[in-house]
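Listed in order, the protein sequences are those of chains A and B. Residue numbers for the first sequence follow the working numbering, beginning at 57 and rising by one. Residue numbers for the second sequence follow the working numbering, beginning at 2 and rising by one.
Hints are computed from structural coordinates only; laboratory data are not their basis. It cannot be assumed that every hint is accurate.
[Said to hold, decoys possible] 20 angstroms max Cα-Cα, derived SDA-like pairs, lysine to any residue:
id, chain 1, residue 1, chain 2, residue 2
1, A, K223, B, R51
2, A, K71, A, K331
3, A, K190, B, A120
4, A, K275, A, I61
5, A, K190, B, T308
[Unchecked claim] Covered by chain A, per the in silico footprint, the following chain B stretches (three or more residues, Cβ under 8 angstroms):
id, segment
6, 6-13
7, 71-77
8, 238-248
Using N, Cα and C, we set each Cβ at its ideal position, and we do this for glycine too.
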Amino acid sequence: MDATIKKQLEITACKVRLGIIEGVFNAKSGHPGGSLSIADLLTYLYFAKMNVYPDKPDEPERDRFVLSKGHTAPALYSVLAERGFFDKNELKSLRHIGAMLQGHPCITIPGVDMSSGSLGQGISAACGMALSGKISNNTYKVYTVLGDGEIEEGQVWEAAMFAAHYKLDNLVAVVDNNGLQIDGKISDVMSPYPIKEKFEAFGWHAIEINAHDFDEIEKAFNEAETVSGQPVVIIQKSIKGKGVSFMEDQVGWHGTAPNAEQYEQAVSELNAKLKELEG
Amino acid sequence: MADVIKKATRESYGEALAALGEKYDNLYVLDADLAAATKTGIFKKKFPERFFDCGIAEANMMGVAAGLAATGKIPFASTFAMFAAGRAFEIVRNSIGYPHLNVKIGATHAGISVGEDGATHQCNEDIALMRTIPGMTIINPADDVEAKAAVEAAVKFNGPVYMRFGRLAVPVFNDPATYKFELGKGIKLRDGKDIAIVATGLMVSEAIEAAKVLEAEGISATVINIHTIKPIDEEIIVEAAKATGLVLTVEEHSIVGGLGSAVCDVLSAKLPTKVVKIGVNDEFGHSGPAVQLLKQFGLSAENIVKTAKEAVAAK
Numbered sequence: 057m058d059a060t061i062k063k064q065l066e067i068t069a070c071k072v073r074l075g076i077i078e079g080v081f082n083a084k085s086g087h088p089g090g091s092l093s094i095a096d097l098l099t100y101l102y103f104a105k106m107n108v109y110p111d112k113p114d115e116p117e118r119d120r121f122v123l124s125k126g127h128t129a130p131a132l133y134s135v136l137a138e139r140g141f142f143d144k145n146e147l148k149s150l151r152h153i154g155a156m157l158q159g160h161p162c163i164t165i166p167g168v169d170m171s172s173g174s175l176g177q178g179i180s181a182a183c184g185m186a187l188s189g190k191i192s193n194n195t196y197k198v199y200t201v202l203g204d205g206e207i208e209e210g211q212v213w214e215a216a217m218f219a220a221h222y223k224l225d226n227l228v229a230v231v232d233n234n235g236l237q238i239d240g241k242i243s244d245v246m247s248p249y250p251i252k253e254k255f256e257a258f259g260w261h262a263i264e265i266n267a268h269d270f271d272e273i274e275k276a277f278n279e280a281e282t283v284s285g286q287p288v289v290i291i292q293k294s295i296k297g298k299g300v301s302f303m304e305d306q307v308g309w310h311g312t313a314p315n316a317e318q319y320e321q322a323v324s325e326l327n328a329k330l331k332e333l334e335g
Numbered sequence: 002m003a004d005v006i007k008k009a010t011r012e013s014y015g016e017a018l019a020a021l022g023e024k025y026d027n028l029y030v031l032d033a034d035l036a037a038a039t040k041t042g043i044f045k046k047k048f049p050e051r052f053f054d055c056g057i058a059e060a061n062m063m064g065v066a067a068g069l070a071a072t073g074k075i076p077f078a079s080t081f082a083m084f085a086a087g088r089a090f091e092i093v094r095n096s097i098g099y100p101h102l103n104v105k106i107g108a109t110h111a112g113i114s115v116g117e118d119g120a121t122h123q124c125n126e127d128i129a130l131m132r133t134i135p136g137m138t139i140i141n142p143a144d145d146v147e148a149k150a151a152v153e154a155a156v157k158f159n160g161p162v163y164m165r166f167g168r169l170a171v172p173v174f175n176d177p178a179t180y181k182f183e184l185g186k187g188i189k190l191r192d193g194k195d196i197a198i199v200a201t202g203l204m205v206s207e208a209i210e211a212a213k214v215l216e217a218e219g220i221s222a223t224v225i226n227i228h229t230i231k232p233i234d235e236e237i238i239v240e241a242a243k244a245t246g247l248v249l250t251v252e253e254h255s256i257v258g259g260l261g262s263a264v265c266d267v268l269s270a271k272l273p274t275k276v277v278k279i280g281v282n283d284e285f286g287h288s289g290p291a292v293q294l295l296k297q298f299g300l301s302a303e304n305i306v307k308t309a310k311e312a313v314a315a316k
């Protein structure tokens, strides 16, 4: 990846993380851990990959995105705001009464292609969108992100079978493998491992990457475009809470909002990082 | 009297899809390995490129339908009522109902008249379940003519629709030449003054038969066909209650949460009136020939007559 582009993506991802913290702090609830672990991925998708149109969010030929792990809505909202789909101030009223930004993604929000949040369902809708594109010879691609705990849901594997059966090579699913779910380590709660081999056995082309390296992210999505006749899954090894020191790899930050002191610390860490990047 | 033609509304569903496929090139059909039974196979034969089997995976099928609708297609997701409303309930609620997507759910093999397959497949709960989803339209057609008209109305309507069809061949009593389907509007089939029989689905023809018997015995009954259970036609129900002062609801569904409950919801708020319900009484079904089961569970013209007479006598 071009060094300037990479630097710019790192800067944007830092701003996206700030937006996540802003949203969850003001909501006094929500899911910062899994939002921070996909911040780099969503930044790449919305700023370097997907054809989206903030001024025409419903453009029929746009690429589609379904956040199957819908509880990490703060990441999606933050990236959409950063990309210009709506005002960043909306993040401050996340989860408030009467607010546009609901606790989980809602299709009526500009830039949100599908309501999601009940785990295991988003990937099926993404399959439907991809099938629809195939039927009508559309050029758009469909992207969806699942949690590694989420793939414990049986519906995910119904969808996995479906996507391979109908050769949905216009679909890329990402499994955010941060290794933690609410009750603990995924390997202790209900191991979904081996993830790569499972998807391969279901007929998918699987790629493993480091979630926090834009070179690897780009390489994976470029590889995905060369695959024909089968869907692609990118299993990204990530760090839950990535970017905020005290939240990193801590299961307790799955669904807890920071208090005022923790908020200040998170913001100051991210601002320091931003300053460093902007040099 | 000429022989009454009988036909299962699942057949009407399959035939309607095949006919409407010509007219609407945006219509797609999904099934979950039951195309031979739901009769979507008729559509599949004619439009194989617009038919997608999802295998025995109803949850995913409903999600796929949502994705198709979100990208402008009109999908008909088809399976047995038990799996459409039961197994896939939460997907229908969250992936179709909440985003209010234009998905049509064709649920066949509803009710006790599934017959020999027994309790696991006799879905008496689907109307109750679907009624709880905001914005869901529910249609329970009474015969072949109405079923076909309902499918076309569903195509024209923008929003999620749950359609309920049966396995058992039932009398075709509507005249295709004069029948008019209006979504959300009940149909008054008979005017009476002693009791109003409000029926839905395959119980409508039984209600008509019952009203004839009642008339011969000096009881004058109104008969109303409620094909659209949600949104329900409040006006026709209130008017019938006002005219008769006694309502008898009849449905091949649990008495919990179905047509009877919907009618009570309307009347308790608008015109408190005594309502007697005929339906499946909070119990599971069992195996047996459909016609015998219907009789055994009181879903017959005979039981409507008996119940109506008792209710009128107690007035």
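Here's how the hints hold up against the structure:
1. A/K223 x B/R51: Measuring from Cα to Cα gives roughly 16 angstroms; hence the hint holds.
2. A/K71 x A/K331: Satisfied, since the Cα-Cα distance of roughly 11 angstroms is no more than 20 angstroms.
3. A/K190 x B/A120: 40 angstroms, violated
4. A/K275 x A/I61: Judged against 20 angstroms, a Cα distance of about 14 angstroms means the pair holds.
5. A/K190 x B/T308: 56 angstroms, violated
6. 6-13: violated (count 0)
7. 71-77: holds (count 5)
8. 238-248: violated (count 0)
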